[in-house]
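*Asks:* Now for the letters of each chain:
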Amino acid sequence: MRNLEKHVLVVDDYNTMRRILRNLLSQIGFSNVEEAEDGSTGLRKLRERSFGLVISDWNMAPMSGLEFLKEVRSDGALKDMPFIMITAESKTENVVAAKEAGVSNYIVKPFNADTLKKKIEAVLGEL
Amino acid sequence: MSSQRRPELTEEEYLDIEEALASNARGRSFLRMRDGRARVVALNEVRKLQKEMKDALQKAQAEGGASKDDAHIRILREELREMSSYINQTRREIAALRPASDNGTNRIMAATGELEGIVSATERATSEILNGVERIQTLALKLPKGPEVTPIVDEIQMQVTEVLTACSFQDITGQRTTKVVNTLRYLEQRVNSMIEIWGIDGAMPGLTTPAPTPDDQRPDAHLMNGPAADGGPSQADVDALFERLGKATDGEKSRASQAGDNPLLEKPGKKNAPNTQKDIDALFNAAE
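Sequence lines, in order, name chains A and B.
For the first sequence, this note's numbering begins at 12 and goes up steadily by one.
For the second sequence, this note's numbering begins at 102 and goes up steadily by one.
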């Protein structure tokens, strides 16, 4: 399957942010984009169908992005899922915690379309 | 036992420590417990002092009031009057922190409401901007293809992308505002606590103490501080950190995570400072 044909799951509690990401992903060439408003909904969706990439915010409730990532990595069927964190949390301790939990890449908000594309390519390969 | 006095904190140091504690749920729980204990101690002290003064007065009166003791009693009465005056003044000042307004709320609650209103308003405005931008995108794609039109369509798409990413401001400002709202709620809890201590509620009908907001129970709550106050790091800093993390051994990373003091992860002169994307990228590349 070509990378652009992969299903992408966007997880963010801000509707505006999900909409922006969906639109940017569409411009990059992804046509199969689904949304979830928090980690637990994201986890449920990941278990329901096959996805090729997860792009998640960190600061969400009740399940945060980091907890969501840990759940994904501890699930045998999902443990290798490419997972990009997009967040305003950018302190060293945040990056270290995400890296140790197995995040594939890390984007700091506010970001631009070029950064998003480059990070997706770094994780999935050429688009 | 040493008789050496422990060094006092400066006001700035004290406030820094208090602010650090107040920045997370466990710290706020600690402050509440500390206030509660201090309240009991302070009340006990005042009661003890009052009792001592009362006993001294009664004793002096019982002894018939020699002229030398009369002077002491006058001083004691004056001191008691001053104490009473200070206590009343403190009560008034605390009460003034949250006077009831016309609509039954108080200033802190009103400010909280205003900020929440800003978040809602910017969310609505952003949504409308996005609607407009998406319509422009759709219309641009409907334009006929041709050597003159295609570059214009491409330019429109590029500008639309700029507007879309700029709209992410709403997420950032929303998070910042939420931080302020949480601080206001915390302040209100502290003011309510003081009102409770001084028994002002009874003197000011209509003032009620709302239930405290439950603390954040998420396991990584201590890591969620929102956007950095100084405008945030660049992606390059974060990328460079990722590169350094990749070069670090697992043991080093673990220690860094626990202590936050791994020299590999520190930016010169900025302990635990926000990072740029470049730091993180470099780290990832090294790991592969």
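Rather than coming from a laboratory, the hints here were simulated on the basis of the structure.
Note that the Cβ used here is the ideal one computed from N, Cα and C, for glycine as well.
Be careful, since some hints might not be right.
Only pairs whose alpha carbons sit at most 27 Å apart, straight line, appear in this in silico BS3-like list of lysine-lysine [as the list claims (entries may be wrong)]:
1) 246(B) with 128(A)
2) 128(A) with 379(B)
3) 149(B) with 128(A)
4) 149(B) with 129(A)
5) 17(A) with 128(A)
6) 81(A) with 129(A)
7) 102(A) with 379(B)
8) 129(A) with 17(A)
9) 56(A) with 17(A)
10) 56(A) with 128(A)
11) 160(B) with 102(A)
12) 160(B) with 149(B)
13) 90(A) with 129(A)
14) 81(A) with 379(B)
15) 56(A) with 81(A)
16) 128(A) with 102(A)
17) 90(A) with 128(A)
18) 17(A) with 102(A)
19) 90(A) with 102(A)
20) 243(B) with 81(A)
Interface residues of chain B toward chain A, partial, derived using beta-carbon atoms under 8 Å [as the list claims (entries may be wrong)]:
21) 125
22) 127
23) 227
24) 268
25) 320
26) 326
27) 342
*Asks:* Under the constraints set out in the numbered hints, which ones does this structure not fulfil?
*Replies:* The structure breaks hints 3, 4, 11, 18, 20, 21, 22; every other hint is satisfied.
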